[in-house]
Amino acid sequence: MDLLANVILGLETAATPVNLFYCFVGVFVGMFVGVLPGIGPLTAISMLLPLTYHFDPTTALIMLGGIWYGTAYGGSTAAILLNIPGTTSSAVACLDGYPMAQQGRGGVALLMTTVASFIGASIAIIILMAFAPTIASYALQFGSADYFSLMVLGLVAASAMSEGSAAKGLAMVVIGIILGTIGVDIYSGTSRFHFGLLELANGVSMAALAMGLFGVAEVIFSLRSAKRKTIDRSTVTFRAMKPTSDDLRRSWFPILRGTGLGSFFGTLPGTGPSIASFMAYAFEKRIAKEPKRFGKGAIEGVVAPEAANNAADQTAFIPTLALGIPGSATMALMLGALTINGIAPGPTLMTNHPQLFWGLIMSFWIGNLILLVLNIPMIGLWVRLLLVPYNLLYPAILVFICIGTYSINNSSFDVMVVAGFGLLGCIMRALSFPAAPLLLGFVLGPLMEEHFRRAMLLSRGDFMTFLDRPISVTVLIISAVILVWGVSSSFRANKKEEPAVQSG
Amino acid sequence: MIADKRDFISGLLLIGLGVGVALYAWMNYSLGSLQRMGPGMFPFGSGLVLAFFGVLVIIPAFLRASSEEASSVPVGSMIWILLSVVAFAVTIPVAGLAPAVAATVLISSIADRDFNILRVVILSVCVATLTYLIFVVGLNLPILLYRWPL
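As you go down the protein sequences, you meet chains U and E in turn. Its first residue numbered 0, the first sequence is counted upward by one per residue in numbering that gives the first Met the number 0. Its first residue numbered 0, the second sequence is counted upward by one per residue in numbering that gives the first Met the number 0.
Mixed in with the good hints there might be a few duds.
Unchecked claim - If you anchor each label on the Cβ, the simulated ranges turn out as follows:
| no. | chain 1 | residue 1 | chain 2 | residue 2 | range |
| --- | --- | --- | --- | --- | --- |
| 1 | U | Val472 | E | Phe61 | 32 to 40 Å |
| 2 | E | Leu62 | U | Lys288 | 41 to 49 Å |
| 3 | E | Asn115 | U | Lys288 | 54 to 62 Å |
| 4 | U | Asn408 | E | Val120 | 27 to 35 Å |
| 5 | U | Met463 | E | Leu129 | 52 to 60 Å |
| 6 | U | Pro469 | E | Arg35 | 21 to 29 Å |
| 7 | U | Ser187 | E | Val89 | 29 to 37 Å |
| 8 | U | Pro469 | E | Lys4 | 40 to 48 Å |
| 9 | E | Gly75 | U | Pro388 | 15 to 23 Å |
| 10 | E | Leu129 | U | Leu19 | 16 to 24 Å |
| 11 | U | Ala239 | E | Ile121 | 30 to 38 Å |
| 12 | E | Lys4 | U | Phe194 | 25 to 33 Å |
| 13 | U | Ala343 | E | Arg112 | 42 to 50 Å |
Note that these hints are calculated values from the structure, not bench results. We treat Cβ as the ideally placed atom computed from N, Cα and C, and that holds for glycine.
Isolated chain U (complex conformation):
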């Protein structure tokens, strides 16, 4: 199949009225939660995950994808105007964006970040279109042992690099894997760890787990920090948005460099948009002629990270769609949305479900265009949204979480599970355990078990199968290096906690 035919197929899928509508819903919600501090993409996607049980899988992914990259656009708005990052990946936009707003150049910063986001995302989509099919066709020859090793790498990298102690992150992955074993074992039909509860026979609901850990726990912790805010409205009028020719000249190369860095880091497990935007900022500062301007409203420091995090948002789909191995908790939820709809993720996705794959990618173009339009003329609306008090918002979020979970199976038990995971989320935060690796382990656990058992069956119980295959052994060596590096760094006495970067 040639690319053109695929693109046309994708456009036909993405441009149906239903898909267009949910693409719009997705990016709108993404923009919405991106602007609002206190709700990140993970919370938003877990909140809308139940809806996708009632959708066609393509539509579901189009909507969830829209939320994911939509938040990257919205996140910078709060960062620039209020010095509050709407999402973690836009924390960098505070550094130079807020000083720009204080100088009355907030409008310029908003416009340029939108343009940078659009350019970054567009280039990354092209990279995605070019590489994902190639990687998938290569991956078709992977055996179960290779898959198992790749998942080990994904989990090790995601937990060792995300935040805080590597050992704690890895422990969370294993807890996720154990939670994933609850329910019926596919080989023997034995029901495991149900403790006499009939409701657990089908396993823990992924939506309930995600909403408890990310939604409920997030609400509990952001209640205290929510404050009243004020914004200087005059900087965000249309007229104040016009960049000077100096701004444009300065922005061009940082946008391209940011896109390059972002596209690269987006594909790696564990790094994702947050790390990509920090890297892009550090890089621009390093090569700048006058590094002193950074932190005082340098436009390069706003556009490069924004281009990077939007590019990373798109290229994060490469491992998820081509290999079926998500690099972050958010991507794990996307993968979960596929599996609940009975679609096996992996390299065969593109050939078995081309309309889903290409439809999703084409929807990225449409979604990014919608965001461009939503952002610039409607900036006033988003600014007003920033002023909605949190005490009106959080009860509504909780209700939405509850009814969303309930709606999946009309099950009150699942809503109770949400409360349980909310409690677990709080305990984990108190003991400074990261939550994202748990979700990643939970989604990948059953797949890992399946591949592990199949690999052992094929090798007749010989562990050497993981070391005999070239792909598997390479991947395991890389994992081991990351593991040793990550764990040993937490052994250093008096280690300073790095700023918590949630890999979302």
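Keeping the supplied structure of chain U fixed, place chain E upon it in accordance with the hints.
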């Protein structure tokens, strides 16, 4: 002297949980052989790996000079918010959507510093209308708006 108590407790919890899972899997499900694994093998192995990471969390706790900054749990708001979720689960099968929404909004609002009953009532009505439109009208789900008499 254990400097970092929080990590020490965390590590103990992980070891306990890991060993517990491994034992439970070992006693209740068949492990099978390496070639033909039974349903208990993978959870058994995972439990042991978890206990191992628990040890890795405990060791540095002895080496560190002081406890790291942690986000303390806002216990008060946590209780109200978790209760509001439980209230939804209990109410909806008995009384329907609208009472469940009202219960959740009311109980979760208690966690708010400036609690205002009028705002709670208005918010409940708005949220109930919105969820009814999305889930019952929009998605055609079989959820009753209210059930009366109980």
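Here is what the structure says about each hint:
1. Val472(U) to Phe61(E): 32 to 40 Å: holds, 35 Å
2. Leu62(E) to Lys288(U): 41 to 49 Å: holds, 44 Å
3. Asn115(E) to Lys288(U): 54 to 62 Å: holds, 55 Å
4. Asn408(U) to Val120(E): 27 to 35 Å: Holds - the Cβ-Cβ distance for Asn408(U) and Val120(E), about 31 Å, lies within 27 to 35 Å.
5. Met463(U) to Leu129(E): 52 to 60 Å: holds, 58 Å
6. Pro469(U) to Arg35(E): 21 to 29 Å: Roughly 27 Å apart at Cβ, these two residues keep to the hinted range, so it holds.
7. Ser187(U) to Val89(E): 29 to 37 Å: With a Cβ separation near 36 Å, Ser187(U) and Val89(E) satisfy 29 to 37 Å, so the hint holds.
8. Pro469(U) to Lys4(E): 40 to 48 Å: holds, 46 Å
9. Gly75(E) to Pro388(U): 15 to 23 Å: The hint (15 to 23 Å, Cβ to Cβ) holds, given that Gly75(E) and Pro388(U) are roughly 19 Å apart.
10. Leu129(E) to Leu19(U): 16 to 24 Å: For Leu129(E) and Leu19(U) the Cβ distance comes to about 23 Å; the hint holds.
11. Ala239(U) to Ile121(E): 30 to 38 Å: holds, 35 Å
12. Lys4(E) to Phe194(U): 25 to 33 Å: holds, 31 Å
13. Ala343(U) to Arg112(E): 42 to 50 Å: holds, 49 Å
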